[in-house]
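**Student:** In order, the protein sequence lines correspond to chains A and B.
Heads up: the first sequence begins at 1393 in the numbering used here, then just goes up one per residue.
Heads up: the second sequence begins at 176 in the numbering used here, then just goes up one per residue.
If you're looking for bench data, these hints aren't it; they were derived computationally from the structure.
Just so it is clear, the structure is predicted and the values come from calculations on it, not from any experiment.
Be careful, since some hints might not be right.
Straight-line C-alpha distance at most 25 Å; calculated DMTMM-like pairs for lysine to aspartate or glutamate [said to hold, decoys possible]:
no., chain 1, residue 1, chain 2, residue 2
1, B, K214, B, E297
2, B, K214, A, E1519
3, B, K214, A, D1525
4, B, K214, B, D323
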Amino acid sequence: MKTETIAALAVAVATHASAARAQAPAGAPPPTDARAPTSRHSIEASVYLHQLVHPGAQVGYSYRLLSTADEVHSLIVGVDVGTYVWLRHSIGVFVLPRVGYRLRTPGGFHAEVNMHAGYLQGVLASESFDVVDGAVVASGRAGYPYAYLGPSAGVGYAIRAIRVTPFARIGVQWQLPVFDQSLMRLVAAVGAEVAFR
Amino acid sequence: MSSRKMLVALGALGLLSAFAGSGCADWRAGDEHYFVQHKGAAMPVWVTGNWRSNRIIVHVHGGPGTTNGIYFQRSSYQRLADRYGIAYYEQRASGASQGNRRALLNRAQFVEDLDVVLRTLESRYPRAQFVLMGHSWGGFLTAAYLLDPARQSRVRAWIVQDGAINASCRGWQLGVDEVLARNIEGAAAFYRDVWRCDLNTNTNNQIELYQGRYVHLWHSLFIRAAGGYDVVPDRTLNTGDIAESIFRSQFDLLAVNAHSPLPLEDYYGVDLTPQLAQVRIPSLVLWGTRDFITHHATARPTYEAIGVAAAQKELVLFEQSGHNPWAEEPERFFDAVDGFLRRQLWAD
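Chain B extracted, bound-state conformation (with noise of 0.2 Å):
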């Protein structure tokens, strides 16, 4: 082969590998993918499964700073799809979003950057109905949302599964114990000498950095090895998983490594439990009993206090479950929030 051959092949090689790319198989047909862009940020939206329902809901990932691209391959999400729609968006500073600039990381943006994806969300689909569903810190966030009347009446439910929504220090506490109770190795000497989070006042040093990470991932490792995320960790994200986000989707995985946890204001020491009484639509409580970073404690007192009658509200634990019942337990979490939206919203 002559050198301008050569040429001519390598360069066509490199164009076809460009742009087979772009002629993947969606992950189901009729997928649809967007940005929604605000202050900085360009957030992704996936909007999947049967959206033409118009019953859609909207899922606010945990975090703060992580991804969405943990949910979707478990059966738990997967059937939710044939049923209903599920958007998915990547908050800002999260994910392949951007807009990380350290001024706009405070709940009272994230919750506005919620209100912009759910306005973009109700224009391009006008006679859908939604439902917010937050885990952990999208708990957190969901439950924030909620507290504004006029934003609540844009949805008809909420789902909060394992949700910081007392993101105190007596929340985190919980946890503390639970790890100086199980010795793990480091633990005592980091929370007597590092760790601070004063059970009264809240002051806390969450988002200052301890031998380049936050204080509050040195919490979340050590939860971690005190086996309170995952009951069977490989049941929530295994290589598989990993592998299938890296090469099918537009998830930065790099990125949620970099930053993750964010350094966000007013949520580290804050406790939204008492507010809850505001929330005056039907809700649904899920929690992994096993549950030791968003202690399984505070299920519930979160559901205790959602602001509506008992029949307007339910609370299922799943005892095979720690911080992810959607991956621990996809069959029971499918039932609880498939029987949950027909009984409160949908019935046929």
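Here chain A stands alone, though its shape is the one from the complex (with noise of 0.2 Å):
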């Protein structure tokens, strides 16, 4: 990021109230021009691949925390909640916050980064078994804790006139502990994100 871009940014933390109320004063209709302000809060859908072969889905939350005047570039912060089916292996449901920069053209176009970090819980595909005192006993789907985190890049193209953003977007995260170790995870999520009014 450019050094202008985080005085830019400084300068919106100052201005963040009164931007705010510049740009949805009360009782006004909703903005048509394809470069007037948006809302702060939007929420989002997409298709989750972790490993990019097992399928999984996504429901998110994103609030534009700071942003220039331009909206050109914002700090949004985020959560995530998804799910994925890893054939045979397990079933992940997650949890993961993120904060990240986005850079939005005037134009439409949108490119992020986001760093997440969060918790993925881990389920068993299939019965397993302990070995007790030499007995066999069946325990049920086990499930395991495990830490979430890392960075994803991403694209999209804003259509304002009806406030959606197609997305997609990719990265890694880290699992731990896998074999009490960390084990890197390629994810990708392709989904649409919708601006409240």
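Dock the two chains into a complex; use the hints.
**Tutor:** Following this line, the structure appears as structure tokens:
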């Protein structure tokens, strides 16, 4: 990120409240100009690919914490909740807070980098057994907790007339512990973000 | 389409894709999948083939630290599965298992894990008879298992293929000599400056790190460069096989790549050959004559050391194979295993 961008974001912190008021005057109709300011709140849904081949889905909420007046540069915080299925291996359910920088050009092109850090609960895909004092005991589907963190980068295109931004995101998540060690997982998400009115 | 409808459509698409995988056709109808948990490991067990025959081959993979996911695609194993059940499992810290706690990475623990898997199989298939089959490191592990008479009594026969039975420094030196004879780039300096494996005391540095890799992994890479693993590498594992494993199975190839070979204690520097006299069950020894990693020169000593009469043990050498005859000569491999089982155990 350039120095000017950082400075612009700092200014945005100072002017956050007044800018927000200026963007959304009470009782005003929704903006129709393609470059008009949008809400700070958005939700998203996407297909999630763990290791790029294990299918899943996630939904998320984002809040534009800081941005320049023209919304070209923004600092976004959010959280995603999702799941994936690894055939005959495990089912994963995760809660993944994130913080990221977003570049959105006036034309609508959108690029982002994020850092995710959260919790992944893995559940074995089938029944498991233990041997206790020589006897075999069924123990159901065992679950395993993991920390789940890593960076991602994405691109998208904001269709402001309907406040929808289709996006694609790819990243790596360190899943730990796996084997009492960390193991890198490749992940991707393809979906759409919808900004609130 | 309104944004609300788009969201609903995306959500439906995600859920559909997420759960479509669970409905995929199995490798074979009637396959069973479950996990055996023991001391932090969740070892996936996959029982395939004709396990209802109550004749089950328990397959113990190589490594240590690789996967059972490389065998089943070959016609040798497919044909065996037509006739017998095959129980694949992934050892501790291998493939999709967990439990890679350094203190548990030793021969005794892996033998105990195998025992727990066998007990689980016995419980689930109470009328079945079991044959133990080990490849490479799995050959060493199965041999170690059989050295306990009580454990040995639970299996009907032993099949070892290119087993690392002689994991002593003299055993590894056979491969070193093959590499050096072929002037592989960098090998001379490596074996002179890095490799330590005393031929008399067996003190060694096989599981010490050198440039981020275990010394033994460097040895494996030199053996591969010397052509000592496969005569035709594509016959063992090609791109299609890898893709099939990634998309259709639980096998964690990334984990295999990250964690193999495991720094296993009480393996490197150990030769079990002198103890094979304690093996008193029918045994089949299979070996590729172009194998340098578990050198083919150790095949006959392994066969001869097994403690049963000649009528109860067989040695089959594969002239067109390196370390993986099951893949390089699948027809001969099937004939050898099936013939042995018919002659020694199950004539009908």
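**Student:** Now tell me, hint by hint, if it's right for this structure.
**Tutor:** Status of the hints after comparison with the structure:
The straight-line distance between the Cα atoms of K214 (chain B) and E297 (chain B) is roughly 20 Å, inside the 25 Å bound, and the hint therefore holds. Taking the CA atoms of K214 (chain B) and E1519 (chain A), the gap is about 17 Å. The hint holds against a cut of 25 Å. Only pairs whose Cα atoms come within 25 Å are accepted, and K214 (chain B) paired with D1525 (chain A) is accepted, the gap being roughly 13 Å. Between K214 (chain B) and D323 (chain B) the CA atoms are separated by roughly 21 Å; this keeps the pair inside 25 Å, and the hint holds.
In this structure, none of the earlier numbered hints is contradicted; all agree with it.
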